[in-house]
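Chemist: Use the sequences and the hints to build the structure in full.
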Amino acid sequence: EAGVAQSPRYKIIEKRQSVAFWCNPISGHATLYWYQQILGQGPKLLIQFQNNGVVDDSQLPKDRFSAERLKGVDSTLKIQPAKLEDSAVYLCASSPRTSGGASTGELFFGEGSRLTVL
Amino acid sequence: GQQVMQIPQYQHVQEGEDFTTYCNSSTTLSNIQWYKQRPGGHPVFLIQLVKSGEVKKQKRLTFQFGEAKKNSSLHITATQTTDVGTYFCAGPTGGFKTIFGAGTRLFVKA
Numbered sequence: 002e003a004g005v006a007q008s009p010r011y012k013i014i015e016k017r018q019s020v021a022f023w024c025n026p027i028s029g030h031a032t033l034y035w036y037q038q039i040l041g042q043g044p045k046l047l048i049q050f051q052n053n054g055v056v057d058d059s060q061l062p063k064d065r066f067s068a069e070r071l072k073g074v075d076s077t078l079k080i081q082p083a084k085l086e087d088s089a090v091y092l093c094a095s096s097p098r099t100s101g102g103a104s105t106g107e108l109f110f111g112e113g114s115r116l117t118v119l
Numbered sequence: 046g047q048q049v050m051q052i053p054q055y056q057h058v059q060e061g062e063d064f065t066t067y068c069n070s071s072t073t074l075s076n077i078q079w080y081k082q083r084p085g086g087h088p089v090f091l092i093q094l095v096k097s098g099e100v101k102k103q104k105r106l107t108f109q110f111g112e113a114k115k116n117s118s119l120h121i122t123a124t125q126t127t128d129v130g131t132y133f134c135a136g137p138t139g140g141f142k143t144i145f146g147a148g149t150r151l152f153v154k155a
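Order-wise, the sequence lines are chains C and Z. When we follow the working numbering, the leftmost residue of the first sequence carries the number 2, and every step to the right adds one. When we follow the working numbering, the leftmost residue of the second sequence carries the number 46, and every step to the right adds one.
Quick caveat, the hints were computed from the structure, so don't treat them as lab data. Only true hints are included.
One-sided and incomplete, this derived list gives chain C residues near chain Z with beta-carbon spacing under 10 Å:
# : residue
1 : 43
2 : 44
3 : 45
4 : 59
5 : 90
6 : 92
7 : 108
8 : 112
9 : 113
Ranges of calculated distance between the beta carbons of each label pair, as one might list FRET restraints:
#  : chain 1 : residue 1 : chain 2 : residue 2 : range
10 : Z       : 104       : C       : 13        : 37 to 45 Å
11 : C       : 62        : Z       : 61        : 40 to 48 Å
12 : Z       : 101       : C       : 4         : 18 to 26 Å
13 : C       : 4         : Z       : 84        : 18 to 26 Å
14 : C       : 59        : Z       : 95        : 22 to 30 Å
15 : C       : 45        : Z       : 52        : 12 to 20 Å
16 : Z       : 50        : C       : 11        : 28 to 36 Å
17 : Z       : 84        : C       : 45        : 14 to 22 Å
18 : Z       : 65        : C       : 63        : 38 to 46 Å
19 : C       : 18        : Z       : 84        : 24 to 32 Å
20 : Z       : 73        : C       : 45        : 15 to 23 Å
21 : Z       : 100       : C       : 81        : 44 to 52 Å
22 : Z       : 54        : C       : 59        : 19 to 27 Å
Virtual Cβ for every residue (Gly too), placed ideally from N, Cα, C.
Modeler: Spelled out as structure tokens, the structure:
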């Protein structure tokens, strides 16, 4: 079974530029998450999708970050304009749906996209 | 908001010594998950505990969920160099939003 795919693996940009990250979850996984992991810290949830609807985006800096999951499969996270403090690894994760419709909570992570903002 | 705290932040051990990391939540959790992240890698799911007082074992790893379902621990017996990495606990808030602790980074000296 293929895992969660993310691209690009690495990206270096200057502040005020824009960047986009792509994620393709495990086939059949209804729930998709974007986490931000700053060096030395735990993953911080940015946004959670259930199919193509947003479940939680309370910690997404909406003035500069946006995310979409069209057709309920792959997803894109965009940052515009980037700030120095956005330097982090952006992790995409997915989780399967139980027969009752709720997520099991077990997360399968992709390799991550490492962003450096200069 | 709900917080998940982990201690210690770092632990240095000699190979063969035991290691324990503790996780505490400010609210009752429906379940708790543990993940391992190797240096330069991504978090990998280890286990999920659901029941109050539950204890699960995976070879040298023992996981416990507290009776009040607000704390948990991971114990590694006789650490090996392959155990190096950061161990995270994670718990769901209402609506299945999963919050991670800051992690405990384990260093093992051969």
